[in-house]
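Undergrad: I would like the entire structure built from these sequences, with the hints used as guidance.
Note that the protein sequences, when read in sequence, are chains S, C and F. So the first sequence is numbered by the working numbering: it starts at 2 and just counts up by one. So the second sequence is numbered by the working numbering: it starts at 2 and just counts up by one. So the third sequence is numbered by the working numbering: it starts at 2 and just counts up by one.
Capping the alpha-carbon separation at 16 Å, the derived lysine to aspartate or glutamate pairs in EDC-like fashion look like this:
| no. | chain 1 | residue 1 | chain 2 | residue 2 |
| --- | --- | --- | --- | --- |
| 1 | S | LYS286 | F | GLU91 |
| 2 | C | LYS70 | S | GLU43 |
| 3 | S | LYS86 | C | ASP270 |
| 4 | C | LYS150 | C | ASP27 |
| 5 | F | LYS286 | C | GLU91 |
| 6 | F | LYS150 | F | ASP27 |
| 7 | C | LYS86 | F | GLU271 |
| 8 | S | LYS70 | F | ASP44 |
| 9 | S | LYS70 | C | GLU43 |
Non-contacting residues of chain C with respect to chain S, defined by C-beta distances greater than 12 Å in every case (computed):
| no. | residue |
| --- | --- |
| 10 | ASP6 |
| 11 | ILE19 |
| 12 | LYS28 |
| 13 | ALA99 |
| 14 | GLY112 |
| 15 | HIS149 |
| 16 | GLN166 |
| 17 | GLY221 |
| 18 | ARG234 |
On the chain C side, residues computed to face chain F include the following (Cβ under 10 Å):
| no. | residue |
| --- | --- |
| 19 | GLU43 |
| 20 | MET73 |
| 21 | GLY78 |
Hint data in this document are derived by calculation from the structure and do not stem from the laboratory. No experiment lies behind these values; they were computed from the predicted model shown. A virtual CB, placed ideally from N, CA and C, is assigned to each residue, including glycine.
Spelled out from the first residue to the last, the chains are:
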Amino acid sequence: MLPFDSLISANQLTPEIISQITAVTDKMADDIDRYGRINLLEDKVVALLFFEPSSRTMLSFQSAAQRLKAGMVFAQGAASTSIEKGESLEDTIRMVEAYSDIIVMRHPWHGSAETAARTSTVPFINAGDGGNEHPTQSLIDAYTIMRHKGRLDDLNVVFGFDSLQSRSIHSLTTLLSQYPNNRFTFTGPEELMPTSKMLESMNDMGVECSVADSVDLNDGYDIFYVNRLQQERFADPVLFEKNRKKYRLTRKQVEGSDCLILDPLPRIDEIDTDVDDLPNALYFKQASYGVPVRMALLSLLLSKHNTP
Amino acid sequence: MLPFDSLISANQLTPEIISQITAVTDKMADDIDRYGRINLLEDKVVALLFFEPSSRTMLSFQSAAQRLKAGMVFAQGAASTSIEKGESLEDTIRMVEAYSDIIVMRHPWHGSAETAARTSTVPFINAGDGGNEHPTQSLIDAYTIMRHKGRLDDLNVVFGFDSLQSRSIHSLTTLLSQYPNNRFTFTGPEELMPTSKMLESMNDMGVECSVADSVDLNDGYDIFYVNRLQQERFADPVLFEKNRKKYRLTRKQVEGSDCLILDPLPRIDEIDTDVDDLPNALYFKQASYGVPVRMALLSLLLSKHNTP
Amino acid sequence: MLPFDSLISANQLTPEIISQITAVTDKMADDIDRYGRINLLEDKVVALLFFEPSSRTMLSFQSAAQRLKAGMVFAQGAASTSIEKGESLEDTIRMVEAYSDIIVMRHPWHGSAETAARTSTVPFINAGDGGNEHPTQSLIDAYTIMRHKGRLDDLNVVFGFDSLQSRSIHSLTTLLSQYPNNRFTFTGPEELMPTSKMLESMNDMGVECSVADSVDLNDGYDIFYVNRLQQERFADPVLFEKNRKKYRLTRKQVEGSDCLILDPLPRIDEIDTDVDDLPNALYFKQASYGVPVRMALLSLLLSKHNTP
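TA: Okay, structure coming up:
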């Protein structure tokens, strides 16, 4: 049982919660391999509201619901940010809660998840609210590290290439800061390095932080968490092109190292495709964990889970 | 068993039919509470064709199908009014009937439901055909009144604020006119009052009708059925603004009265949000009945229903 | 068991494969009639990716998955040709294969199916890749002929009215060319007749070919396979109108003949609607076979099928 009804922010993910969800996720991954689909949520209906397109998140939530044999109601609409023109988000949620047992919502507005969760009388999962929070991505990142390193403490992690603005990097650094003995190195264009205030705040949490123009993956790093550069961050297209060419992982850099490569995807060109078949290229596996992680979360929030 | 294969118009909803559907709906609502989902339609496939967006109707039909464990095929498309460019509605229906056991269709064209039902060899439900008919909304309204007042006769009902053009109000007045001793009061802007011909026709059905510029909910009214004003009905935006401010339900008006407040939703601003937590504010409950009502209808048209 | 994991092209459909799929399809059609839905794929998840709209193909694949009680993940998007902006098709497939057990894809790009199938580690079905291939349509055509004529050899077939460019006609002539003693007659506007190279190639396969400005259906023809003229093929709208009026099947032509009329649909006006109720007008039946044919294919590719 989780101590909350709704997952809105990565800040809710304490080590205890992560450990609980990780254990159930292991069991779910095992159940997928063994049985394909299980009956756990066959008496439930999951509502998926995607007011903003995000096919990766959408498809993995669909898959999670289907592997649990839940019923599914589904609305998608990039154009509108509400179900009916002129209706408030609160009214939309009050309607959808009557049609389902749990609500998953993706919405373009910062803070919409908080409003929706406060209104809803059924459990609620934030599947991304604008640039604000996307806590199930953080859960997937934590699970991937736990599964492949066996721990979330005592890790030497590189973050690149946009540590200033990436939602995924912010959430993961915050999450890992709760565990002892983690060290973070940030790499990328100077303009996209964390601010000194951000670094200070991590230092205050006990994390040793450093920045580097480039890193050698053989220097004892456990994880390289890659996030692509976004063109819209650069006023100057020439500067963007220059940085894009410089900050990308090549096979030469990755091969032979033990450092695990993670990326929340989609990959544009921050990792060369000839890296994909290296054993430490974990990003597609990481994406695949989206299904058992979301199965675990749906089940736990509905107080129904297979004993780990 | 219903005496028809297709529900096209609220005119098909005789007292006998309503009584039959209401009884099955009670059982469905109970089954949702008890079991979440039931196996009743697990050997059936329901086709949902939404050629016009209507997320409220769509999500509640999805939920109804899922709670009955039916299979679902689903097409949505605001842009097109037919499945394939240039194909006739008749040909579309002939295709979809081969892929499903019952068809639910929302379509922007007045009269499209009649054409589709005439073509289809499987049962058909009109989920709204333009401004013409939306009979499942009328069923929900009737069920809500029956459930909370215990009767559909001897009611003192207020209709506001657009009794001239609202499809929901037209259908509900027609439906209730079949029962004895009902009285209707219409309120709203003068321009949106029912015509004298409409009033006469209701009088001929035995309904006592009156109009009022404003009503006091403590004057013995059983139900206030609210429908929002639509800006497009007003040539003059100033006049619209004036009416919008005047014709809206406030907490002060509703509090302390026994009069039940119904609204087919979406709510724009015809009811203040601080009315929502009053015990006689029934509109969200009314919306929630969309699921068991549509479960009852799907089951009855497929000749499969839990004995009430 | 099929000798391949992915169906990309009608060229894979050898007589042996067709015979195997036909036998399973017969059993599936029988199971639909008897049980509505069967449990065969209840432990599987089918991904339906429709990057290009094609509601007929989409709805029949949905229906096939639902009749087999498979789970379904579903993405639709005419605007984009990839799941996420900027992501390669290969990366998209690598994600979707992690969320499902088999992938069905419709895509506007010629050759996209081949790329996707080569990437995917789960079975893959091409549901149309641009103007290139649409092998499940050919399977449906073959099944329809087999079911109603009892054979795929020794047939006297007319093809009209665009034998030059129709993907369906190309695939079906290639498929039928594998069987002995078939004769093809092509009819339609001169500009849309097969080239002499095409005719030669069919002759080389042992098929006796001829062209005719018009045909009398009582002249011993077994099948008339109709495909509509497409306006975009004609530079001159007047010429298009002239041909459209000339090349269409009328009741007078079809009535009394034993020749079976097939059409992959949608029908625009290449067949008069008063032909529809004639016993040899098979096109709606042909469309309905889309469900059992696709059920057979999904099951066989997942190595799960009811014994025929």
